[in-house]
Amino acid sequence: MDGSRNGLERMAISKDVLTAHLQGEAVLLHLDTKQYYRLNETGAAIWRCLEEGVGLADIASRLVAEFDVELATAEAEVQRVLGELRERRLVEP
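Numbering (this note's numbering), first residue to last: -7 to 85.
Source of the hints: derived by calculation from the structure; they are not laboratory data.
Only a predicted model underlies this, so the values are computations on that prediction, with no experimental measurement involved.
Check each hint, because a few of them may be wrong.
[Said to hold, decoys possible] Here are the in silico distance ranges between beta carbons for each label pair:
(1) Glu62 <-> Thr25: 31 to 37 Å
(2) Lys7 <-> Asp50: 22 to 28 Å
(3) Arg30 <-> Glu58: 27 to 33 Å
We put the CB at the ideal spot given by N, CA and C, even for glycine.
Work the whole structure out from these sequences, hints included.
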C-alpha cells in the first residue's frame, strides 16, 4: 500500500486514547470525548500495527499474511479503517 496516495505516510495513535485488547478485538476510549469504540479483528490487527510502529505501507501486507486476503482488499480495508480512525480523532498524522 502506498500510504502517500492520501498524504498518509505514518499515523500515530492519539495520546488521548486508551486501548484494551479483548478476545481478538480492541476497545478504545477517547479521553477527551468520553466515547468508546470497538474494533473487530481486522480493525484490531490494524491498531496493533499502529501500536508497534509499523509503517502504513506494511500494514496491508500484514493483513494479507494474517487473514489470507488479496493485497488490494487489504489495502482498501486499511484505507477505510484509517479514515474512520482519523475522523474520530483516534489517530493523527
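To see whether the hints hold, each was checked on the structure:
The given range of 31 to 37 Å is respected by Glu62 and Thr25, whose C-beta atoms sit roughly 35 Å from each other. For the pair Lys7 and Asp50, the supplied restraint of 22 to 28 Å holds, since their beta-carbon distance comes to about 23 Å. In this structure, Arg30 and Glu58 break the distance hint of 27 to 33 Å, their C-beta atoms being roughly 19 Å apart.
Checked against the numbered hints above, the structure breaks only hint 3 and satisfies the rest.
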